[in-house]
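K.L.:
Chain by chain, the residues run as shown.
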Amino acid sequence: MLLEVKGLQAGYGQTHVLHGLDFVVEEGGVTALLGANGAGKTTTLRAICGMVKTEGDITFLGERVTGRATEDIARRGLAHVPDGRGTFMELSVEENFRLGAYVRRDPDVRADFERMFEWFPRLKQRWRQQAGTLSGGEQQMLAIARALLLRPRLLLLDEPSFGLAPLIVQEIFGIMRRIREESGVGILLVEQNANLALELADRAYLLETGRIVVSGPAAEIREDEAVRRSYLGY
Amino acid sequence: MDGFAHQIIAGIATGGIYASVALALVMIYQATHHVNFAQGEMATLSTFIAWSMVEAGFPYWVAFAATVMVSFLIGVLVERLLMRPVQNAPVLTHVGVFIGLLLIVGNMTGWIFGYTTKVYPSPFTSSGPLLGGLISAHELGSTAVTLVVLTLVFLFFRYTSLGLAMRAAAYNPRSARLVGIRVGWMLALGWGLAAAIGAVAGMMVAPVVFLDPTMMTGILLYAFAGALIGGIDNPLGAVIGGFAVGVLENLAGAYVVGTELKLTVALAIIIGVLVVRPSGLLGRVVTSRV
Amino acid sequence: MSASENVAIPGTIPQAMPARRGMPAWQVALVVLGGLVVAIAPAFILESFPLFQLTMAVIMGLAVLGLNMVTGFNGQISLGHGAFFALGAYATAILMSHLDWSFWATLPFSAAVCGVVGYGIGFPALRLGGLYLALTTFSLAVAVPQILKHKSIEDWTGGVQGLFLVKPDAPAWMPGALTPDQWMYFVAVGVAGVCFLLCWNLIRGRIGRALMATRDHQTAAEAMGMDTATLKTRAFAVSAMVTGIAGSLSAVAVEFVAPDSFSLMVSITLFVGMVVGGVASILGSLFGGLFVLFVPNIAEAISKAAPGVIYGILLIAFLFILPDGFAGLLRRIAGRLRRRG
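Protein chains in written order, with the working numbering: chain S, 1 to 234; chain C, 1001 to 1290; chain X, 2001 to 2341.
A couple of the hints might just be wrong.
[What the hints assert, rightly or not] Not everything, but these chain C residues come out facing chain S in the computed CB check (under 8 angstroms):
no., residue
1, 1084
2, 1160
3, 1163
4, 1165
5, 1178
6, 1179
7, 1182
[Stated by the list, open to error] Far from chain X, some chain C residues (derived; all Cβ distances over 12 angstroms):
no., residue
8, 1029
9, 1208
10, 1225
11, 1255
Read the hints as simulated data drawn from the structure, not as lab findings.
Glycine included, every Cβ here is placed at the ideal spot set by N, Cα and C.
Please work from the sequences and hints to get the whole structure.
P.N.:
What follows is the structure, encoded as structure tokens:
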């Protein structure tokens, strides 16, 4: 098991957002976390990374990481593309790449750069450009590439489709399908666009006001009329 | 005409000092969005440490290197002990801690080393006049030292992985943590570097202004002005601003207001820049698309 | 340290005289009477020098109050209030020594000058805000002695030598024979008392709430229709005026003004007094005045540098442990006693 979450509670100040979540993310493959606005999807990802006050048990690669510092969790091989993408806008694409691989000391970094260019050829053209000047789609690609350069075992993706044109979203999800096949990294994907996410995912969890209400293989959820109508709205 | 040329060259020499202190200020500002009001006092303390080593018989450059290292450690310690506990506190608390630091460091310096003015040696001596008497050996040497320091700092930030991580932590601490950067230590490192740069500035200016516990107060004002001219979040701008202020100060002192109002010139520059162009004359515009 | 504690400074609500709320009239009368006795008694108990020190403490308290009006209640950080203190002192000194005005006649003039200058500085301050304002006022404080010494105004200011003046004598109609020191004490207490009451009245009302709303959340204050620019410039004017009046009082109390008495240290002292006494506390300003006068006097016995070091350590200690100062400590103790009783 890559990630195991038990009785996860989290919130901001006095407000509790998550009320005891249990879920797992398996090695390789994509797990989707779905739900409406305010259901607690983003907070779940933040809790896993130690970015908010958290209670419960989060076990990553067999080790309890609840309450650890974000940078320590990242160093254990957990990458996160947060909401707002977390790109270093003032720095160049190259520097964002270098930062992605900052904690790595192995000699394969250069080869991984090339791999990213294969997946995201557009970034190679923008190599020396300031990240803030990229288009929204390119910034999303940069964010994913930067996260992958950590060579993570688990990648958390917060709404990669957010604010992008449908065509670009298609492109990015196409690339993600490739990454899933070619890299073996486990992905925990948060999406509002449930249809899109369920197409990519193997497993899915449905979140409503801080609780998991449905879980199961993505294909089954996609076929379930009742779930679709009451929770996913399509 | 020679007088004019000399004023400009002397201005560049002192400007280098302002540029160094301005750079130290900008480094801390970039990382924490705070202005270290105690930067001058910390540099003075460093210079006194160097002085006592020189007095104890150490060779100049040994004392120099040791002082830079000790100052670096002092900077790191100050961040860890004083700034970290209040990092999420309101601005007023931060200003208060800086003022407290200024009081403690400044008065400790006086307490330990006394208030009498001391002579600090210059490592640069020459037998004859340089460039036809336009520049003294110390002015030339200290300008060179300043430029070397600034170049090293630039190379460090531009090309090393640690320098990149420090910049990343300053721009976007949240994302920096996500790529595994220990942001807290980057801030401490920034403080250490700022203190080290300040120490160099102190040792370079001490032979000119003589060493006493209040030596840097006026210099801090010029560094403020330089940093503001360059845009307070722009290290290169701060360096250029520092040199510009040095020249401006010397020319104004020689031809316009006389030496009695030199501090007022700095004040006027500060207010002028802030009112006319708060982002600095060289302030960079970050373009971003969402 | 939790987030709610972190905002303790700007969030402090002024409770100038919490004990008065809801008390029967005879108790109020008793408190007022007691206050008067405490205020008057020292003049007849203390020797000349301690009385002079107490006079200066009251004056410093008034100057801290001025700083508190703009920094504590309105959130505009000034590290240069020593400049207004100097301005008030010099206004009074120049009028008294060059034009032979009486002290009382110089007071409104000095207040007006400081108010106008404060109002004028309030405008660039609007554009600066936060840290930049702190930086600019800090620079102003550093530059003050140099400006005062300048040759072009030497005829008026007396240059480096400064100006000498004489304490006002007690008026003839006063009962008994008051010494100038005693009379000076009453003048300081009287003027400060009036200023404290006026400021207290200002802060507890609508304007006070608007000042604090602007400090805590400017955008929200603007959305509620407050003219924050006007509020901030006027806060600066009032603040400068109060600190300037304190400067005037200090000029006559010390009977001497000179540029080097108005170094950066004056501004820093006022800042320390504000933090130690209590940020955004009227009564705290008075504690601040007592603190900045008596602590250095005690510390000076150790070393010339000791007051500065002790100031610095206490300043940081207060910010870490008691961010709402003496006033906050007293409030907390009072709250605990009330709960127990």
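K.L.:
Are the hints correct? Go through all of them and say.
P.N.:
Going through the hints against the structure:
1. 1084: Violated, because the Cβ-Cβ distance from residue 1084 of chain C to chain S comes to roughly 14 angstroms (cut-off 8 angstroms).
2. 1160: violated, 10 angstroms
3. 1163: Hint on residue 1163 of chain C: violated, closest Cβ of chain S at ~10 angstroms, above 8 angstroms.
4. 1165: holds, 6 angstroms
5. 1178: holds, 5 angstroms
6. 1179: With Cβ-Cβ at 5 angstroms, under 8 angstroms, it holds.
7. 1182: OK, holds: residue 1182 of chain C within 8 angstroms of chain S, min 5 angstroms.
8. 1029: Given that some Cβ of chain X is not farther than 12 angstroms from that of residue 1029 of chain C, nearest at about 9 angstroms, it is violated.
9. 1208: holds, 19 angstroms
10. 1225: violated, 8 angstroms
11. 1255: holds, 17 angstroms
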